[in-house]
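Working from the sequences, and respecting the hints, build out all of it.
Note that the protein sequences, when read in sequence, are chains F and P.
Position one of the first sequence corresponds to residue 1 (our numbering), numbered consecutively onward.
Position one of the second sequence corresponds to residue 326 (our numbering), numbered consecutively onward.
Just so you know, these hints were derived from the structure itself, not from any lab.
Even for Gly, the Cβ is constructed at its ideal location relative to N, Cα and C.
Be aware that a few hints might be false.
Selected chain P positions facing chain F (in silico; Cβ < 10 Å) [to be verified]:
no., residue
1, Y335
2, N370
3, R401
4, F408
5, F454
6, V522
7, R528
Which stretches of chain P does chain F cover? Using the computed rule of at least three CB atoms under 8 Å from a CB of chain F, they are [stated by the list, open to error]:
no., region
8, 385-396
9, 470-484
10, 492-498
11, 534-544
Residues per chain, in single letters:
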Amino acid sequence: MHKADAILSPEVGGGMYAASAAAIAYAVTKFRKDDPGESKLPLMAVSGAMVFAAQMINFTIPGTGSSGHIGGGILLAALLGPFAGLLALSAVLIIQCLFFADGGLLALGCNIFNIAVIPCMLIYPLLFKRIFSPSPTAKRIWVASVVSVVIALQLGSLGVVAQTTASGVAMIPFTAFLLLMQPIHLAIGIVEGLVTAAILSFVFAARPQILTSAAFGQKGTKDKGTVLLSFMDDTENNTKPAKSLKAVIIALACIAVVTAVVLPLVASQNPDGLEWSLIKLTGSTELTESGEIPLAGTIGAVIIIAAAVASGFIIQIVNKRRKRR
Amino acid sequence: MISNRVHELYLLEGLSDRGTAVHRLHPRAKLIITFVYIVAVVSFNRYDVLGEVPFFLYTAIICAIADLPLRILHKRFLIALPFCAFVGLTNLFLDQNIAFMIGGAVITYGLLSLIAIVLRTYLCVMAVFILIATTPFPALTRELRRMRMPRIFITLIEMIYRYIGVLIDEAASMSTAYKLRSVASKNIAMKHMGPFVGQLVLRSYDRGERVYAAMACRGFGGEFPEHTPVRMTVNDILAASLLCAAFVLLRLFPLLNML
Chain F
1 MHKADAILSP EVGGGMYAAS AAAIAYAVTK FRKDDPGESK LPLMAVSGAM
51 VFAAQMINFT IPGTGSSGHI GGGILLAALL GPFAGLLALS AVLIIQCLFF
101 ADGGLLALGC NIFNIAVIPC MLIYPLLFKR IFSPSPTAKR IWVASVVSVV
151 IALQLGSLGV VAQTTASGVA MIPFTAFLLL MQPIHLAIGI VEGLVTAAIL
201 SFVFAARPQI LTSAAFGQKG TKDKGTVLLS FMDDTENNTK PAKSLKAVII
251 ALACIAVVTA VVLPLVASQN PDGLEWSLIK LTGSTELTES GEIPLAGTIG
301 AVIIIAAAVA SGFIIQIVNK RRKRR
Chain P
326 MISNRVHELY LLEGLSDRGT AVHRLHPRAK LIITFVYIVA VVSFNRYDVL
376 GEVPFFLYTA IICAIADLPL RILHKRFLIA LPFCAFVGLT NLFLDQNIAF
426 MIGGAVITYG LLSLIAIVLR TYLCVMAVFI LIATTPFPAL TRELRRMRMP
476 RIFITLIEMI YRYIGVLIDE AASMSTAYKL RSVASKNIAM KHMGPFVGQL
526 VLRSYDRGER VYAAMACRGF GGEFPEHTPV RMTVNDILAA SLLCAAFVLL
576 RLFPLLNML
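This is the structure in structure tokens:
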């Protein structure tokens, strides 16, 4: 579910833009270092487009009759590696925002953070890779995928709730919103985790080197023999933990920035938000007539809308006449 | 059905290849205008319907000048609506304080905020559509590059945008093949999703490598050659600053609230 502009305040939108931009900038520098020739770029592009295409395939969820589609954060990270995965998924989100109004322009920072940064920069190195990497097997892929997708979606929907509440446009209280969103996303997460696991284990059975090279960062190995060998090399002189630690630190820094931006906003905008909303929920609202009828304003609004529609029509007619000549 | 989406995807770009005054405006001017517009609209408080109404003038008039097909844009706006409508409806139930009464009808603050949220969803979505439908995609990405966005990332966006069509075709032909072999089922069964998308992944992977080989053969070194930049003219600067000033003024001094 992509957040829209209408329920977001500019402060929260801007703060999340900064956090996501930092994550993307970091991923770009990492990607440049790992792959100076940018030989991976076409692969990332095709994979991103693949996720976009796969999202349009609806499958039937057994027992419910409803249909779902895949989300793709963990999938892309597992196929491309966390940094390339983050870049590809962010690019997909930008295209969806611009061409399908799926998520707003101001909300882009929030959406990239909730849908791409959390699974790729946080969950993939901390969970997926840890479960998957010591000795990759099909079983480990299943566990890793389901666990990571479920937790990534829970954190993502927590992000949506927190950002919405901090924006102060929606009146639904934080806890009620949370109780509504988390179970829904738990169900979505289990289904998506199973599908992601099925996809990844198929890929692993057919070409294990795709997943292992994404996890261990090798380049240019194509046939199975050399991959196996170099993979063993890699586990022997395993110098990678330092790298993943760095990613964790960066991710934590991002979270720190976000909480630093968001928490004061929550505190300042809605000092007794919970209390206030509890009164609302228990229905002890006093029916007080607080305002006068903004009669002049309403009439003005009607006039402006009429004027806008009318001028639109007139411009269209003038344009058509001009074309005929 | 899937291939319909390909058509939809490239539809807005098809509109951007025209010559109206809005289309001719410099992409950077349009980017700035759109951003200021959205921030201005979104920064109103949640009950402020009257403050937001004048901003409707922008979308209505610009759509007319740019000769955009309103029906198509409105249809697409409906995609963005559900989540906002949900939030608006919860506001309707949670805030039943009466704002004022017109005749016998009670207008609550919840209703006001529902209207305000739907209105600002409309305005923001239309503003983005106006930007995209009047600016060719390469011009837009060129501008983003000049605004110091990471080049690799922009190149990636451009390439994904082009490949979506190709991969949707691929997925569509696979799904046709699947449906021909499975009678009486509309969608793909969940247990087949793994091999199905997995197959798509492998095909995409191979295609990615072939594409890279083909691009490397033609001298691709990570970046597309830069075009000579088109400068903003006096008219572009004038239009952008006038519109932005208007938005800021309408935000700071909401016309209708002061009546």
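Quiz item: What hint numbers does the structure not satisfy?
Solution: When the structure is compared with the hints, none of them turns out to be violated.
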